[in-house]
Structure formats: C-alpha cells, structure tokens
Amino acid sequence: MFEKPYLALSVVFIFSVLGALSFHRMERKLFPDANRPQIAVVTIEPGASARDIANHISRKIEEELHTIDLVRKVSSVSKEEVSVVTAEFEYEKGLDAASVDATNAINRIITELPDDILPPQIYKISDSTQPVMVLAIKPKVKQNESGEQVPVLTMAQVRQIADNELKDDILNIPGVADVDVFGGYQREIRIEINPEALNRYGLSVQEVATAISKKNRNIPAGFVIDRFNNILLKSVDEAKHISEFLNIQVAENVKLKDISTIHYGYRDRLSAFHGNGHPAIGMGIMRAVGGDTMGVIEAVNKTLPAIKAKYGNLDIEIVDTQEKLINLSINNMLEALRDAIIMTLIVMFLFLANLRSIIITTASILFTYLITIALMYIFRLQFNIVTLTAIILAVGLLLDDAIVVMENIERHYYELKKPIYKAAIEGTSEIMLADFAGTITTIIVLVPILFIGGYVQRILRELCSVLICALISSYIVSITVIPLLSPLVMKKDPHKNRLESLVYNFNRYFVTPLVNFYSSLVRIVVEKKRAFIFFLVPLMLFMVITNKAVLPLLGRDLMTPMDTGIVKVSFTTDGNTSLEESENILSKMEKAIYSFPGVLMESATLGSEPGTFSFGSGKQPQAGGITIHFIDRFHRDKSIWEIEKELRDAFHKIPGIHYVNVFDFGATPLSSITSTVDLMITGDSLEKLDELGNQVEQHLRKVKGLTSVSRSWYLDKQEFIFEIDELQAARYRVSPADISAQIGVALRGKVSSIFNIPNETGLGVRVQFSKPYRDNVYDFETMLIKTPLGLIPLKVFAKITPVFAPGVITRQNLNYSIDVYGFRSTAAITHIQRGIDKEVIPNVRIPSGYRLSKEGEIAQMKQSGMRLARAMVIALILLYFSLVVTFSSWKNPFTIMLAIPLAAVGSMWFMLGFGRHQCMPSMMGLILLAGVIVNNSILLIDFIEDGRKKGMDMHDAILEGIRLRARPILMTAFGTSVGMLPVAFQRAIGLERLSPLAVVAIGGLIIGTFLTLIYVPIFYILFEKLGNKIKGLLSKLRGDKIQEAET
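For reference, each letter of the sequence shown is one residue, going 65 to 1111 in the working numbering.
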C-alpha cells in the first residue's frame, strides 16, 4: 500500500467515480419485493352457483395443483360463475416454472371439468401485479341547451376507448408490462327476445341462440389449385352492421326481427370503479417482474400529457400511485443520512478535538459511501427504505474503522514521537489485524441472514448486503486512504487552535474523568478479591428483572405498523344489495372521506372482473375497497391511526354497510396476508362453518387491541333454486339439462356470436329475454319450456324455493374454510394473541372433523421468528470460531462474547423506553449488535494480550488496556449510536418499520459499552484464574501418573 500509493488511490478513485455515476441510475422503490410467487387459475362456468363452482371445478383444480413441486398452499374463492384457485409457492420456485407446471396440471384434468366451462386462464401473481399507478378515466362534460352539465361520452364508450385504444398507448410506454381495465360498462350487442312473440311461433330461446351462432361467420371452404394459381374459396356471412342480425332466419317464415329488438348495450354490471369521488373506468398500470417502480412511474408521467391531448373528450386523473411516497421517503432518508453524518462527526470532534482528523474522517466516509453505492449498483441492489436504512446504520460502523486507525496513528505520532510517515505505517499496521477481526466479526454475524430463507431473507437480505458492502469498503478505505492522507493533513505538532482547545477542555473534563472512573472500578476488581461478588450480583439481578418484567411488556410483532399517509378500507354491503345500491353507499362513504382535511387522492372498487387481479379478484358486487392518500405525517396534526378511527366512526353511521375495516397501507407485511389476525376454520359443512365462524367472531370482538372484526363470507345471500321433478320431465320427453339450459339463456343470456370491429376487440352478441320479463323470479314459473310435446310451463316440471347461501365459498387445505379477520392499529401481535388465547380458544368448541388454526401475520411471525433464532445461533457459532482463529485461544473468544448478553439487556430497556415492540427488525438489530459490540471487547482483549506478551503483569496489562482503549471504545459507541438516531426517531416516511433495529443497536451499544468496560476485564480475570486452576489440576494429575509409573 505504502510502496504503491498511486495504485491504492487509483482503485479507490475508480470505484468512487463509479459510485457517483451510479447514484442517479439506481432503481428506487418503497420496499423490496417480498411476496411469494403465486399462480391463479380462473375458470368460468356460465350460470353455475358458487356451491357448484366449488364442488365441480375449484376442488378438482386444487387437488391437482397440490401435486406441484414446492407448492406452499392452495386456496380457492368460488362465486357465481367464477372459480379462482390460487397456488402459492416457496420463494425457490420460479414464477415461469410455476406457470408451466400449473398449465400442465390443468391439461391433465381438463376432461374431468364440466363441459360448458370456458377455457381456464392461468395468471402469474407477484409484487409486480400491484399497479404502480392507477388512472381514473371519465368523460368530460359540456353544457347543453338547457344549461345542464352533461357528459360528452357514455361510460360504455369510455370503456371501449380504454380497452381498445388507450390501453395500447400505455402498453407502448417503456417499462410497462401490462394494463388492467376495470369498472364494468363492457359493451356488447344485446338481442332482447319478446317471450310472448317467441311463444306464438312455438320456439325456445335456445333455438334462437343456436340459429344466431350459425350465422355471422366467414367460413373457408378450401383452395382451388391449378398449374398457375392457388385460390381461396370461402363463404361470406359476416355482418357489417348490427341491423343485419335482424334478418337472420330463425325458423321457417320467422326472422329475428319478428321476435326481438337489437341495440348496443353493456354486460350486466358486476363491478364498478370510482376515482376521486366520481364514477370512472380504472386503469391499473403494472411493471415487469423485477422492474424499476419509479422508472415506470416517471415514464408514464412523461407520456401522460401527450395521451391527454390525444383523447380530448376524456378526463384522465392519477388516483393512486406510490410516486410521492417513494420520492418523499428516499429524500427523507437522504436527509437523515446527512444528519447522521454531521452528528457523528460532531461526536468525533468532541472526543478528538482535532479538526484535521475530522477532515480525514469526512473524506474517508465520502469515499466509503461512493464505493458502497458502486458495489450496490454492481450487485443490482436498489434504493429503498431497507437499503437506505442500512446506509444510515453504516455511518457508525464506518466511524469505527476510521477512529481506530486515526487514534492509533495519532498515538504513534504525538505520544511516541515517531516521524509522520512511520507513524502512519506502524500505527496502521499495529491495529490492522484487530481492525480486520472487528470487521470480519460484524460481517460474519450478517452472513446467515443471506441464506436463512423465507420472508426474513427477502426483507433483510438487502439490508445485510449493503452493510457488508459498506463494511468492506470502510475497511479498505481505513487502511488505504486514511494512512495516505494523514501525513498530508495532520499537524506536525499537537498544538491546538482556539476551537480545538475549547473542545479539548470538554474532553478533559468529561472523557478523561470517565476513563479514570473505569480505571478505578477495574482497579478495585483487580486488587480486591471480594469485589467480584459486589459487581456480579447486581448484574445477575439486572438480567433477571429484564427477562421477567421488561420482555413481557414489550410485546412482539412481525413488522411494526407504519404511517405512510395511505389508508385502506374494505367493506361489504348486505348480501343481496344490487351493484347500483352498493355504489350509492360507496358515494356516501366518499362524501365522508372528503370531509377530512388533507385528502390528496382516492380510488375505490366494487366487485371484481375475471382475470383482473390488480383490482382484486373473487369479490361479489357487494364487496368494495377504497384507497385514500393523505398528506404526509410531517404536515398533519393527527396520526394515521387517529384518522382511521374517525373514518371508522363516520362509516358506521352510513346505513346499508354490513361491515367495514379501516387499516393503514402495509398493515400486513405481505399482500397475501389479509389481516393481522386470521383465525381459519376448516371442515366439510358450510352451514357448520357459518355457525362456528359466528361464535369465533363474537368472542374475537372482545379481544383488546383489535379495531374491527369481519369474516370471509356470510350465509346471507338469498338464492332461488328450482327442484325439477325428473319423472314429470320424462313424461314430456325433456331432460333436466334441457330445462336448465332454456332458463339459463332466458335469464342470464348467451353470447351466441361476435360482432367484429376493425382494429378493436369484437363485441359479444348476447341473446336474452328483454328486461321486463326477467325482473321477477316467480314470473319464471309461467315460462314456457319447449318439449317434444309442445310448450309446457316451468311450474309443471319444477318448484322454485328460496334459500340462503354464501355469496362466495372459500377453500384451503382441500377443505371448505371460513376466515375470521381481526384488524389492529398499533397493538403488539403477542398481546392480541394472548387475548385470543383467553377469549376465543377456550370458549369455542370445535367438533371432530373441524380445525381452528391461526393463520395470517401470527403464523408468519412464528415462522420468521424461528428462522431468525436459527440465524442468531449460527451467527454466534461462526463468531466464536472466527475469534478462536484470530486469538488462537478457546478462552478469550468466550470472554469477548460475554459482552453480547450485556448489550442485549441494555437494548431491551431502550425498547421499553422508546415504546417499541420486539419484531423482525429488532431481532436483526440484536444480530447486528452482536457483531458490533464484540469489536470493543476485541480491541480491549487484544491490547491486554499484547501487553502480557511484552512482559506486563496481567493486572497491569488490564489497567493499561482500559487506559488506552476506553476513549476510542467510548467514541465508537457514542458515534455509532448518534449516527443511528435519525432511524430511531423515524425521521423518514416508512422508517417506523425499521426504527426498532436502531433502538436495539443504540441501547445495546450505550449500555453494553458501559458494562463491557467493567465486566469484560472481570470475566477475563475469572477465566484466566479458572484456566490456571484447570492447568494446575491437569499438571498434578499428570505428575501423579508419572510417579505411579516410576514406582
């Protein structure tokens, strides 16, 4: 390094330039992608009930998907006409491979499914399924002759433009992978049959549908081939205008116009979308898998003005996007990083009282961060809350390397009076091994997280990767840049200017007495044998109190709730509420929302559309969801949880709402987890599941900490079934299937043909009874059924009976299931779990054949906790053996690692003081703390061992080690802790999630450092004495054996 300084600096400069260039090219998003790969199979059977869909389609598909390798769970949602079966895979399963396996599985059983289903569609679901932006499209308005504001287009026309033109324009934007269009109003051509005219001609509606299906087609007949030509011959029968359908010959002397009317319309609406309080068509814009979220958002924003200009009759608004949240969060994080660096340098200056050392340290931090960003870019890491938190946390860790090297160079230069170049070389060389050992120990404890698997690895891998990059960069800079810059920057004499003198006085009156205090305490331990008991008893009491009193109070979460300014609302109206009435209720809810100050944008959905997963799937028209964006928490008076409570109270005053849940964005760590509490009951009977679900719901409402409780389905939807008398049907020579088919075409209609439009998706041609003849269920009793013996009323064959059934049917683990959900604000999950164990589990009797299990975030927390505990054990084992190699000792590493429980105790008290819960980040903080806190012990033990090798007495070596190493140890602890304060105090949007990590590290460092300087020397003496006794005992045994042998 010193022999070739230009080479060392050139390498540092190259990576620094790469880091500077990479800074603006880094991908940006809010959080790392963490959802497991999922495949959804959507199957439609026209006219089928939810129960029939579940029994005949969903169950068979579930069983087959369960056989796929690495499948984690298979669940399904069945509703009228639609089956959605979702297979969730382990992270190791690639999304493309899962899709291929699912396709093969469906092909194996396709012949076992009902004949009248539409071909099953397979969709890939991942983090990219969530739209990066949602647009609301509605027609502009104009003033008519009477002065009223009227839209220039119908909603059906808007939907047609969105489906056929606007979608294509957005798909051409770089980075956009897919666009979902949502909100009903899907155009079609409606042929409405007059049943009275139909009866006059003795026809059935099914015969009409069949006649239409055979027309409106161009059919190729083949090729005429001779020596010189190859000519296609085809029949042309495709309609150019919808009026041509009226001339279709349905029967002899009967044309379609004799029994029906035809017009443009839209399908029966089962979904709706609102944007910023108004009905609209929604467009969800998705990125590619692994794509750059902010890159796609910026590309869309850049293109949007041109799109708005092109479609002058449309009002296009952004109603949901993470753009502001991501930008604000990243800007906040960079400001927090700036504050962390400034505060850390101030602490360092207070200890060193040397401006030139601060200049060198500032340069080393700058180089370190630039190299770290370069490594992040090379390894394709992103800027998000997790990685930027790692960068902020790294400030203190970088300071550790710089302080150790700087302080030792200064000692060689000023105290040992060596020439500056020699002081730089020997000062760095002397500390290089200990510094390297400290760096390696921190890296070693992070490595298990990279391979621990599951959700833990997905979230924390990027944090650990950035920390490892920063630590490696810091070590390289500390042994290259600092010793090379020191001779150029450091003063030739230790004389201080006025500012340095002022700070030095603080140092002399604060740090020096603190070092002397530690020296005095350790001297007492060294010189007085009974002092051990005086020090060890309080420590044991301190640890027992922490374990018995503090830990239960803290509670435990998977991830801490965060205030992003985004509120989510899920609600349902009563089971038989029409979509129009549900939309009226939604409008009332939106009116209540806009009475709150600080609303930036809002979007809402009702129902679902097959294959449109970005807006939700498997929902009835009575089920809705709302997303509300408020201004950020730095610019409002109330927290998001206070706003949620007020919204909840406002919604409860609106009649017609069955239940409503109001929760914050990111309330659950994975989108596949519906709620914090998910008590799932499985069994064979839907009626029994409804009964048990009702009991669980009632008792769950008594649990403290929950804000709302709901269920996945209720047995509240009225259905009408007609029971066919098979004997009577046989008497008229008609099958039950024929009767059902005729009723189905009359009621829901049948798409019998496609009306093609150039360069657009064709419109379905639906044959159906006209509306007045299908408005009343009991009118169908008089409907005439075509039989070989003539037209016979339906009531001759069947009896119509009302029943109650679930609007949707859910299945999991190959059984019917019902989920009871509980939502919270900020209560700890373990506190809620204790309430469940007290209020729910003992009071609900689960019969044989049924099972109650805790799913959702509770189950994920348990799995993640086990993985983190395993990672911590592996980290400690690796740490111990790395120290064994470093010190060539079995005893000293154990002494060093006893600092870890001392730090852990301190971290728990700080968690209590800051009001934080134990969670995955806090456990990560403990693992990181284990690597950092042992660095202080390493430096201390290393100096003690070095002194003893030079001939010093053990007690003198300990006292000298405390005198020399206390100041840099304290400086490192305070500097590292101060650098983490912006994270601990949540100085950025989203940092609530990771602040427990910083609180644990700060508390552990401060308390652990104070205890380490006292107790590590005590443990060192104890183990040294114990080792000597064991050696003496072994020597005596060997001596006795030798004497026996000689005798």
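Bear in mind the hints are in silico, worked out from the structure with no lab data behind them.
We put the beta carbon where it would ideally sit given N, CA and C, even for glycine.
One or more hints might be untrue.
What the hints assert, rightly or not - With beta-carbon atoms standing in for the labels, derived distance ranges: (1) P178 <-> A656: 42 to 50 Å; (2) S565 <-> I1094: 47 to 55 Å; (3) Y842 <-> A370: 36 to 44 Å; (4) L615 <-> L480: 47 to 55 Å; (5) G286 <-> R172: 48 to 56 Å; (6) P906 <-> F945: 46 to 54 Å; (7) E176 <-> N395: 31 to 39 Å; (8) L664 <-> K206: 26 to 34 Å.
Cross-check of the supplied hints:
no.	hint	result
1	P178 <-> A656: 42 to 50 Å	holds (44 Å)
2	S565 <-> I1094: 47 to 55 Å	holds (53 Å)
3	Y842 <-> A370: 36 to 44 Å	violated (55 Å)
4	L615 <-> L480: 47 to 55 Å	holds (48 Å)
5	G286 <-> R172: 48 to 56 Å	violated (35 Å)
6	P906 <-> F945: 46 to 54 Å	holds (47 Å)
7	E176 <-> N395: 31 to 39 Å	violated (56 Å)
8	L664 <-> K206: 26 to 34 Å	holds (28 Å)
Of the hints listed earlier, those the structure fails to meet are numbers 3, 5 and 7, in rising order.
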